[in-house]
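Student: Chains as they are written, first to last, in the working numbering: chain Y, 14 to 345; chain D, 14 to 345; chain H, 14 to 345; chain A, 14 to 345.
The hints are simulated quantities; they were obtained by calculation from the structure and are not laboratory data.
Some hints could be false.
The list makes no distinction among identical chains, and a pair is therefore deemed to hold if it is satisfied within one copy or across any two copies.
[As the list claims (entries may be wrong)] Derived lysine-lysine pairs resembling BS3-like cross-links, with alpha carbons at most 30 Å apart: (1) LYS338 - LYS273; (2) LYS45 - LYS338; (3) LYS338 - LYS158; (4) LYS273 - LYS165; (5) LYS84 - LYS108; (6) LYS79 - LYS158; (7) LYS45 - LYS273; (8) LYS25 - LYS84; (9) LYS338 - LYS260; (10) LYS108 - LYS79; (11) LYS29 - LYS79; (12) LYS273 - LYS158; (13) LYS25 - LYS108; (14) LYS29 - LYS45; (15) LYS84 - LYS29; (16) LYS108 - LYS260; (17) LYS29 - LYS165; (18) LYS84 - LYS338; (19) LYS158 - LYS260; (20) LYS79 - LYS260; (21) LYS25 - LYS165; (22) LYS273 - LYS157.
4 protein chains.
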Amino acid sequence: MSWFDDSIMARKGVAKGQAGATHSITEASQGKYHYVYGAYVEPVLTIDPGAVVSAETHDAFEGAIKAETDKPSEILNFPYLNPQNGPIWVNGAEKGDCLAVYIESVVPRGPQPRGTTVIMPEFGGLVPTADTAMLTTPLPERVKKLEITAEKGTVWNDRITLPYEPFIGTIGTAPEIEAISSLVPDYYGGNMDLPDVAPGAVIYLPVNTEGAYLYVGDCHAAQGDGELCGVAIEHPTVTTLRVDLIKGWTIRTPRLENEKFYMTIGSARPMEDAARGAYRELIRWMARDFGFEEIDAYMLLTQCGRIRLGNMVDPKYTVGASILKSISGIAR
Amino acid sequence: MSWFDDSIMARKGVAKGQAGATHSITEASQGKYHYVYGAYVEPVLTIDPGAVVSAETHDAFEGAIKAETDKPSEILNFPYLNPQNGPIWVNGAEKGDCLAVYIESVVPRGPQPRGTTVIMPEFGGLVPTADTAMLTTPLPERVKKLEITAEKGTVWNDRITLPYEPFIGTIGTAPEIEAISSLVPDYYGGNMDLPDVAPGAVIYLPVNTEGAYLYVGDCHAAQGDGELCGVAIEHPTVTTLRVDLIKGWTIRTPRLENEKFYMTIGSARPMEDAARGAYRELIRWMARDFGFEEIDAYMLLTQCGRIRLGNMVDPKYTVGASILKSISGIAR
Amino acid sequence: MSWFDDSIMARKGVAKGQAGATHSITEASQGKYHYVYGAYVEPVLTIDPGAVVSAETHDAFEGAIKAETDKPSEILNFPYLNPQNGPIWVNGAEKGDCLAVYIESVVPRGPQPRGTTVIMPEFGGLVPTADTAMLTTPLPERVKKLEITAEKGTVWNDRITLPYEPFIGTIGTAPEIEAISSLVPDYYGGNMDLPDVAPGAVIYLPVNTEGAYLYVGDCHAAQGDGELCGVAIEHPTVTTLRVDLIKGWTIRTPRLENEKFYMTIGSARPMEDAARGAYRELIRWMARDFGFEEIDAYMLLTQCGRIRLGNMVDPKYTVGASILKSISGIAR
Amino acid sequence: MSWFDDSIMARKGVAKGQAGATHSITEASQGKYHYVYGAYVEPVLTIDPGAVVSAETHDAFEGAIKAETDKPSEILNFPYLNPQNGPIWVNGAEKGDCLAVYIESVVPRGPQPRGTTVIMPEFGGLVPTADTAMLTTPLPERVKKLEITAEKGTVWNDRITLPYEPFIGTIGTAPEIEAISSLVPDYYGGNMDLPDVAPGAVIYLPVNTEGAYLYVGDCHAAQGDGELCGVAIEHPTVTTLRVDLIKGWTIRTPRLENEKFYMTIGSARPMEDAARGAYRELIRWMARDFGFEEIDAYMLLTQCGRIRLGNMVDPKYTVGASILKSISGIAR
């Protein structure tokens, strides 16, 4: 994990990115899961920087969709969707700081078939929705239940098996005074559905209020760019995070670092605004921390910047903009 | 006010649209103003349907911008902007009901020059913003303080005086579990900045949670379509509302009725989605309550529907879609 | 017509806005109608500034939809839609000049029922299209044939008659080197579907190439804001234009003037970009010709600018931004 | 090149994807380069399916920007930008057919420094443009001239060298009746600026009119996703294409195939519409040619579809949607 030693988390974290005390949040200790990102509830756990937290996450439907004959529109109870573990209070975290969260692992749990994806009315990238309202008749509802193992992946059908490439669909901190649906991605993180938020990566999250209030949930066993029909391969997991705190490193929106690249994450509509926001933040990062003039970073990213589409289905679309560490002169 | 006798409010309201007890919310009785729309705070007032409530509203800057030499970026403290009166608990209101709010009057108050408009960084329709991020340098900040009277209007300069055409910039109910910045417009109302929300009109608001939690604030002395630079002629007022309750009339997004038209209000990005949402809701209204087939309403609105742009500057854009009552066969 | 005497057309036109020689373009003299705006064809008529031209326009379907039992998808032959009269060569017109076109009249012609509107697949504001691609099944096709007279208007059904409020759906000049479908609106005019392009108004069009190549067609007997289902009340007409030339008045996009306001017209996607383009051009106009600083115009339009939505269905959406002449200090 | 033997080009092409006669288009034989995609000019070359054509392409500025002290806004003469080789008439091509173009090589030519990128006013993804109009002052103009070799890549500065990863920025066929600026990408191809259109790939282009009228130009030595500032590393090349014809394989928009994936290409605004168009076309392709039900393809792409952003700066944004051939059961 040599790259990690040189990561921003390892260099700037209060705990230097090193693992401290371990904690777990089980279904029982979590009790009631949460459906908004906010600071109006009591933390379920209090930790010091460096703590390692394992959380039993539910799938996005809280396990309510059990059979392929289920009708999502009858079972699901909006807005009580996308249940989140947490919030976790991080000692010492204050507005203007940054949480650094190293994703240690995402491990599937629960009885088979533990994976679920669905077509449901008014949700998805190629159907009319509450946001992109139209008059045509919705597609028929459909549920697909899937066997998932970390070793074999997801058995889609007789011919197709998708590798297990798990990541966290929803993670973030509390806004300062808002409490926003866990279906939404925004400046504090939330429902970004970005496959790079995966084991082995560090996600950096802005701290907007004392204690940070970290939430996590909604893990996916696999997902394509855009999460096209709106529902990835949802599954319950044990997700393990190492949480550090960077004092005084103020970021406006989530960032991510892994072995290969630095990434900024923008969530907005229309999609070009998500891309603009991500790229501008990357330019500002390169200007503040990597010795570039803004205009030089702008010209260079034109030639080598990379875009990853997270979701094109949530209330805001999410885009990651990144630059490879391998490009000479970029890394620290 | 004969049209009102035939309004939905008069016909369906628990109080039949008639004025009941009067209440007032002064600066003193309000105490702390609010910056989110949500149900996480105690109501400042409890009323029965029919109640008439006069509220002392602040301007969107809570009066903090006092002189043309002020620098908004130094004075304003995001997210503590757009202060709201309320919330008002409406007895009997339950999820699935509708609040009908007849706007009796908006009267300017406070010492002259009581009007304020500003150019500030990262805000406005023709400048880069946090949402539409760009690299160009912001426009210079500017403050304009304006004399306003109901009789004379707003004195813009020696040559131009704008008539006093006041309306409510921000009004709405609490979301069910969210608490959303009062800078945002959405399904529950909020910062719509739509000039039709004016004295003499009835706005219909969905009730998302018991008690409804009605908020109001942000009155404008005048505003063009789109609120182009992001800041209308902001001013403190006494705003008087008659609040009725329609049981079991479930609406998804705000609606409005006045002497001349029925309107639905959509807030979304991009702007075409706001227009789509407003028009679809109008079609569904015509189908449910006015005897049209959906497709007939769609074809008819193609020929006579009207669009009013509220804002093109807030986190969601707001559009009103309307149909004239005068078109034979539309009105009840 | 006193306002006209003070119009830009009357003040700046080569012919001072006065009517000169009269010409007509009949179906016979037109021969082949055109489906692109471009300079690759021979002009059908050559005129001097001041000329008055009456053109027999077809409806947008070239009269091919004759009965309510017709199926548009079987009859229409894309891209041979929206037939245009012209092009008209204007003597003296050069790149950088401006055509000023006073719309004298639009008169319905042809046998009854002469009006047509339709629902057709992949076209309209509330259905999936080639641009906003989705998977849901199209609405059923539908044709509505309508009786239209200038006196009575359009008989929609037993209960509803819409007043005759005709305007020109498509008008413009040739691009410099492009030839663009007459279904598209853009910087040269084209398929704007903006109801203000009506008798009594002057539309100003940029000249992009020698001779200007004026085209016109696609007149509507009525249309709501946005032309929601994509097809207004289409009808064949005799449309009479007075065409003048303004030398050296270079405009980037179409403008319009009538008794009440000055308007700029933007066509773009998403819709906010159409509004941005229109408003910026209005600001620049106010700065160049009306004695404003740009930033003052920006602040003033925030308080009194007006937006008219033309179409929300064509390949680009069209928005008009205007300012009332009545606001003291704006008019010349 | 075993994958090629199983490509659609090899299986369905008139020439079975095999190389036939060789041709070249030099600067001299090309003569006048073209700035629109259309069928209003004489072909510069006529070929049979299977022909191999080498073209001397200019850079997007036709070599006019020679020094870092040049000011693009003074040198460039809009709309005479992005010069194209061609058109090439393909014998036997008729509307409804498909051109299959295997990109054999892109080789840099011309004196050093042969690479050019610039910042120019009103163009780029993070600045106001004619489409996204704003009032802020443009960034300062800037020109960067770069040494490029195929072996070493592009020398960006002392610290950074970018690998030579050339591709074709602009390629396509003529629209049926339109002639559209070579700055625009659309259904016929054009200025897609998609890095996957690279040596070793096959691009499939719809034939809209007899002879197809193939154009090509605008090669880039490297480009990041989105072509952020609007100008990649532009350079003159010798580009070699093998052109085959697939009779009766009607496609609506460009497609691409290489060793690893099948891709569909959408160009639209806003960006989500480009993604929607690309994904819908991929679903339809999977349904027509790969044995999927549409809804199954929709659900599967949700889990494994991939998005590549071409440009976020041209008049339409371009997005490629793809599926890996390696996913069991997808490939033929």
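Student: Please go over all the hints and tell whether each is borne out by the structure.
Tutor: To see whether the hints hold, each was checked on the structure:
1. LYS338 - LYS273: For LYS338 and LYS273, both the intra-copy (6 Å) and inter-copy (25 Å) Cα distances are at most 30 Å.
2. LYS45 - LYS338: neither (41 Å within a copy, 43 Å between copies)
3. LYS338 - LYS158: between (39 Å within a copy, 24 Å between copies)
4. LYS273 - LYS165: both (25 Å within a copy, 22 Å between copies)
5. LYS84 - LYS108: between (43 Å within a copy, 24 Å between copies)
6. LYS79 - LYS158: within (8 Å within a copy, 52 Å between copies)
7. LYS45 - LYS273: neither (38 Å within a copy, 45 Å between copies)
8. LYS25 - LYS84: Neither, since 49 Å and 34 Å both go past 30 Å.
9. LYS338 - LYS260: within (24 Å within a copy, 46 Å between copies)
10. LYS108 - LYS79: For LYS108 and LYS79, the Cα distance is within 30 Å only across copies (28 Å; inside one copy 41 Å).
11. LYS29 - LYS79: So LYS29 and LYS79 fail the 30 Å test inside a copy (43 Å) and across (47 Å) alike.
12. LYS273 - LYS158: between (34 Å within a copy, 29 Å between copies)
13. LYS25 - LYS108: Close inside one copy (17 Å), not across copies (48 Å); limit 30 Å.
14. LYS29 - LYS45: neither (33 Å within a copy, 41 Å between copies)
15. LYS84 - LYS29: neither (48 Å within a copy, 40 Å between copies)
16. LYS108 - LYS260: Within one copy only: 9 Å inside a chain, 43 Å across chains, cut-off 30 Å.
17. LYS29 - LYS165: neither (35 Å within a copy, 39 Å between copies)
18. LYS84 - LYS338: Answer is neither: 46 Å inside a copy and 33 Å across each miss the 30 Å cutoff.
19. LYS158 - LYS260: For LYS158 and LYS260, neither the intra-copy (44 Å) nor the inter-copy (40 Å) Cα distance is at most 30 Å.
20. LYS79 - LYS260: Intra 44 Å, inter 36 Å, cutoff 30 Å: neither.
21. LYS25 - LYS165: The answer is neither: 37 Å in one copy and 36 Å across copies each exceed 30 Å.
22. LYS273 - LYS157: Only across copies: LYS273 and LYS157 sit 27 Å apart there, 34 Å inside one copy, limit 30 Å.
Hint check: violations occur at hints 2, 7, 8, 11, 14, 15, 17, 18, 19, 20 and 21; the rest are consistent with the structure.
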